[in-house]
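K.L.:
Given next are the chains, with one letter for each unit.
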Amino acid sequence: MAKVEKRRALSQERLREFLREMLLIRRFEEKVEERFRAGELPGFLHVAIGQEAVAVGVCQALEDGDVFASTHRAHGHTLARGTHPNAVMAELYGKLEGCSHGYGGSMHLYDVERGNLGANAVVAGGLPAIVGAGLAFKLRDEPRVAVAFFGDGATNTGTFHESLNLAQLWKTKSLFVCENNHWAESTPGWQHSPVWDDMSKRALAYDMAAVKVDGQDVEEVFEVTREALERVRSGEGPVFLDVETFRMEGHYIGDAQIYRSKEDRAEAAAHDPIAALRERLDLADEEWEALDGEVRGVVEASVEFAKAGTDPQPEDALKNVYA
Amino acid sequence: MPELTYRAAVRQALADAMRADGDVFVMGEDIAEMGGSMGVTQGLLDEFGPERVRNTPISEMAIVGAAIGAAMQGMRPVVEIMYEDFLTLSLEQIVNQAAKHRYMSGGQLKVPLTIRTQGGAGWSPGAQHAQQLEAWLVHVPGLKVVFASSPNDVRGLLWSSIYDDNPVIFFEHRLLYPIKEEAPAELEPVPIGKARVVREGGDVTVIATGPLVHRSLKAAERAEADGISVEVVDPRTLQPLDVDTLVESVKKTNRAVVAHEAVTRMGFGAEVTAVLQEQAFDWLDAPIERVGAKFAPLAFAPAMEQFVVPQPDDVLAAIRRTVEREQ
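Protein chains in written order, with the numbering used here: chain X, 23 to 345; chain S, 460 to 786.
Note that these hints are calculated values from the structure, not bench results.
Don't take every hint at face value.
Only pairs whose alpha carbons sit at most 30 Å apart, straight line, appear in this in silico DSSO-like list of lysine-lysine [stated by the list, open to error]:
id	chain 1	residue 1	chain 2	residue 2
1	S	639	S	677
2	X	193	X	223
3	X	341	S	653
4	S	653	S	753
5	S	569	X	341
6	S	569	X	160
7	X	160	X	193
8	S	569	X	193
9	S	677	S	653
10	S	677	S	710
Please model the entire structure based on the sequences and the hints provided.
P.N.:
Now the structure itself:
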């Protein structure tokens, strides 16, 4: 496992951009919770509150042409990659203007133009395709990288192990980002994995380069991802990032978390990546209020956009089954 | 015309597609130096090299999933799954991913992937090397399913499958690899979704797939001796199904038998039977007969295996039941 020195190279301006992105995701997901509880959103929703630095740090390091596969907890990755909040919110409302045109929903957000090959509702389901996309980039000698987001729970699936083995064997242009929040739904890491506190050991079994990352520090996530992408892009082989993070809320919206202690929730809350970045930037209250107000306005507008969107016709369900 | 085996026909379609298009590549277990456990891909490594003829680990899930990922980037991978029994190991990727990316993305993606696999009883491998599982796949919207019974069909349909923009599950049959027929030197694409009338007749239509096409032709010859004229129709593509050709034939003969090697119960034949009674009920002079494997796993002992798997005599008996039925 590579040792990570704390990197402090980014400008204040860049970090402020990161803060805005993270705050946008936070306010967006808070709004999603509110609108779901108000009964406006159908389906099954999962928020990644507490994990915003992972989405922003990784996605800010990507380049045009890079692709990624996400998970059921996908709002952050999608927004961080530049899909407009209007398109994401419209998808959650099931509108044709949504980023999956109403066919996907929260667990199946796509935006192929921006490299989003889909949020996947099967744990580890997106990993093999990231191996294959990375293989295609290698075969075509393209300087592109395919990135898989997944949680610690995914590391116990056969799909995960087959994918890492194949990626390393063929040196595909793939980056594996394990968002290790130490929860697989309601099951804590120590109950589901013998290496729950250091997932990078999983990669070592396949001789894959692995780095442990503080997922609450957006600058560290960004810098480590940028270095990893350089290595992958150059054809040296895939990299595994064990990104330690905290899920500040339940598995899904409405999860009473009866399985989780108050202490554990308090610990997660104490690791809020947005609060940490705000403190680091030493933002004056009025600056913070201005930023927050701007972001809340964007989110509010996305709800208005979504509500005014076009409902699909029922028979549209029969389109897009085949190319 | 020169003769072509079913095995060589598959190989030719692969080679032709790889010569024509640099985005076509093949991968699977033991397909490179060994040429596949059925010898289908022999020689491809020499011509196309290890980048395009890829030996894989025993990882059906990752092989299929990686092919999905390459296909979504515009390549046209062809995966070989050694036995269709092992297709079960990759079903998550086939059913939840390949079949649904286009749909879930609202039409943003396409998955031009071909998965070749083979199965079939008659050589006593036991219960895990000879199942016929096509009914599992035809049930999934978003997949196309092909099952060719002749060298010309397998060659032309594989070409069409590779160039189709959807995931195609391409079933081959182990016992068909050595069969031969005359074939033009140049590959002639066969469209997906078109049935073929293999033998014309007037008294009863047998709709058969894979090896049952050949067993039905034998049954038809025997029936002919008894004065029964049998038409044999091979759907060739199970999904999409060429309903018009099947219905047209049954409207002509007024009787139908549906025959496949897979287990009869809940099989592909049940769907064909349902479609025929919906669209040709008033033309039918007898209940539609189904022929398929009995409801048991495949046994090892040859006598038991042969009993479970449908034989020409089973088709003949079904033909007779339809024509001998009292009006």
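K.L.:
If a hint holds in the structure, say so; if it doesn't, say that too.
P.N.:
Evaluation of the provided hints:
1. S:639 / S:677: 16 Å, holds
2. X:193 / X:223: 19 Å, holds
3. X:341 / S:653: 22 Å, holds
4. S:653 / S:753: 29 Å, holds
5. S:569 / X:341: 13 Å, holds
6. S:569 / X:160: 20 Å, holds
7. X:160 / X:193: 8 Å, holds
8. S:569 / X:193: 25 Å, holds
9. S:677 / S:653: 23 Å, holds
10. S:677 / S:710: Holds: residue 677 of chain S and residue 710 of chain S sit about 23 Å apart, inside 30 Å.
Of the numbered hints given earlier, the model fails none.
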